[in-house]
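Participant: This is what each chain is made of:
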Amino acid sequence: MRIFKLLAIAATSLGLVTSAHAAGGAKHAHAPEEGWTFEGTFGYFDQAQLQRGYKVYRQVCAACHGMDLMRFRNLGQKGGPFHDHNYPNPNDNPIIKQLAADSAEVDIINQEDGSDDVRTRNSSDPFPNPYANSAQGRYANNGALPPDLSVITKARHGGASYIYSLLTGYPSEKDMATKYAKLTVPDGQYYNPYFAGDVTPNWAGDPRHRHYDGSEHDKDMLPSGGMLAMAPPLGDDMIEYDDGTPATVDQMAKDVSAFLTWAGEPKAETRKKLGFAVMIYLLILTVLVYLSYKQLWRNVEH
Amino acid sequence: MSGPSTYEPKTGFEKWLDTRLPIIRFANDTAIDFPTPKNLNYWWTFGGILAVCLIIQIVTGIVLAMHYVPDTTKAFASVERIMRDVDYGWLIRYIHANGASMFFLAVYIHMFRGLYYGSYKAPREVLWILGVVIYLVMMGTAFLGYVLPWGQMSYHGASVITSLIGAIPLVGDTVKTFLQGGPAIGDPTLNRFFSLHYLLPFVIFGIVVLHVWALHVPGNNNPTGVSVKDVKKDTVPFHPYYTVKDGFAILVFLMIFAYFVFYAPNSLGHTDNYIEANPLQTPAHIVPEWYLLPFYAILRAITFDIGPIDAKLGGVIAMFGAIAILFVLPWLDTSKVRSMRYRPLAKQFFLLFVVCGIGLGFAGANNPDDLLFKFREDQLVVAYTDEAGNSAKSEGFAEYHDAKHFMEELPEAANPGLEISKSGFKWLWFAQLMSLYYFAYFVVILPVLGVIEKPKPRPASIADSVLGHAKPAGGTPIPGAANGSPARDDA
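So the protein sequences, as listed, match chains A and B.
Note that the numbering used here has the first sequence beginning at 1, numbered continuously upward.
Note that the numbering used here has the second sequence beginning at 303, numbered continuously upward.
For reference, chain A alone in the conformation it holds in the complex (with noise of 0.2 Å):
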């Protein structure tokens, strides 16, 4: 059996291997204290928690960012914030079809005269995008077009723990003027030190990256992090949850980042569940077959 011991570790070292290559500079992403209700093997989505979620990015990141993989009726499936198992079909419930009316229209060609029209976004209609091309997008942000949020959180190291991480890890005004003095900070660009990049030329420090140790040296030693063009999007009671939670920085940066991951993968609670039978079955197997095994050759001398 030794080998299957061996096996087993090879493949976690495998993870390892693909683990070591991440960004360099940045500040490593942590969770919130109480961790995500949906890591884990028994994971899963708090469904207030994703509406709230939606909310943050339909009020706030919606302003930039688009997510063109996300259609409304996805809103309304299984598992998702608007999930009613009245409507197995989610293209019937009313609030998906809400949302989705709420929304910019679409546009169309009129197919009696051919000229442009418009009609009502349905709940089969993927999210509006907030920029008609991605040349509007660069022209509207100083150049940097906002990313895609549908898999954002596939598509950093971290995932959620990145977002949340971000979302809070802009400094303090008083972090700005003490610990990162000695930072210049362009016109049009931000620093956070979870955003992965190098800030070594706009620093008039020391350009190595030391620990921090307490002392008076301390704001001398080259942040972690880089510079990006998104302004701290999130502000204490810039929106008001419908459930009454208080709309701190905090607890919206984590629904979002709750939401965002949802919307990454909407299958991944199915997923879990899923591998958990699976994982029974070949256990269950595995011994019976190993006991066959057993029983055959227990005269064979090897």
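FYI, nobody ran anything at the bench for these hints, they're computed from the structure.
Honestly, I wouldn't trust all of these hints.
[As the list claims (entries may be wrong)] In silico BS3-like links for lysine-lysine, alpha-carbon gap of 30 Å or less:
1) A:K267 to A:K154
2) A:K294 to B:K376
3) A:K154 to B:K531
4) B:K758 to B:K638
5) B:K376 to A:K272
6) A:K294 to B:K638
Computed from a predicted model, the values in this text were never measured in an experiment.
Please arrange chain B on chain A, whose structure you already have, making use of the hints.
Facilitator: Below, chain B alone, put in the same frame as chain A:
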């Protein structure tokens, strides 16, 4: 091993068919009654595991191809559509993506097993060579498949590999243009990569048939390396003895597979591949999938020109050479003893070779110029213009305030700037050392060891070795083996 057939047709239909197409006889002789050494350990189960991997990849791949769109503007979204809207599409895609990794994990173990137990030696050279061909086609297939989701790593990985082909003298550019279907990577590239990615698994399947055929002529090697001498005493029929043992191993393997599919489906991939390909934005580090990293490290280890060969071509030659050398391995290893169980020196060099392979993998994952470890803490150096107008550099400072003090003392025209002086062991040097050992293992160590090494006594037969479990000294030594004369496993 392919002795006289033991199959006897029983029903009328079987008798009728047996004189026309003896396919049942063939199946019986290769998969049921096939005499298999009774001492095979778990390392021998990976052949069966690999067959399962190939079938899983082909079946899931065919289903994925029903939904995938090979168009640079739609490929990325079509893959995500499989994840979101196709029934169990997420499962099929994750099995296929992780299946590639599992396939390579199994093939590496299978190959290391062959290397340790001398399964490439006479009379199994053709069997080994066919295996290396399968491995080569597998790497091609995996690379083509990785391009299809059209993520950042797909695109830029394809761009690195096709540019390598362009480094080959004379024909390079033409081959590159054929591969890309034009002067740059685009729709024609994606379409032919998709076409070839669908074709190659069936090529692999065909070679696997040959591989199994070539196995069934000499029969299985075994942990002692000693050939089967008495079919009755040394072997058991493949079914049910090895179907059940392989079955158990396959199930354990499937559990590891399932762990990745259900609980860590993206852990073996690169996050950048979930960003749609953008030719104008190159990722910070372009790396292939983990199973190609050792060869990527060898490719990047050649940073110097060798005579008329420039570094780029040298890297390409080294990378392909690392695989090509496996083809001639049966003739490089001069030892007559198959199993390293009885080769005390070779065993240690083999262990180092495994470490070297894994080390190359890590070297491939890291930036060659990054430091594996530091000789000392990084120091600061002040670069400035001295009074005579020449550029000058200060000595190294450990502390920032000392460097700053030095800068403040300089005259105004000095225009000082801070630089970091690093001193440490680069990943590049590690990759070069490991690459050196990789080639030395085949062209120096194995040929020399066969001549100078004194093998330990081997059991006279498989049956002896099996009974010898009770006696720690092993079975009857082969006369002559102990005094270093070339001992034969076939004696």
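Participant: Next, verify each hint and record whether it holds.
Facilitator: Against the structure, the hints:
1. A:K267 to A:K154: Answer holds: K267 (chain A) to K154 (chain A) is near 13 Å, not above 30 Å.
2. A:K294 to B:K376: Measuring from Cα to Cα gives roughly 52 Å; hence the hint is violated.
3. A:K154 to B:K531: The hint is violated at about 57 Å.
4. B:K758 to B:K638: 12 Å, holds
5. B:K376 to A:K272: 29 Å, holds
6. A:K294 to B:K638: Violated: K294 (chain A) and K638 (chain B) sit about 35 Å apart, past 30 Å.
Checked against the numbered hints listed earlier, the structure breaks hints 2, 3, 6; every other hint is satisfied.
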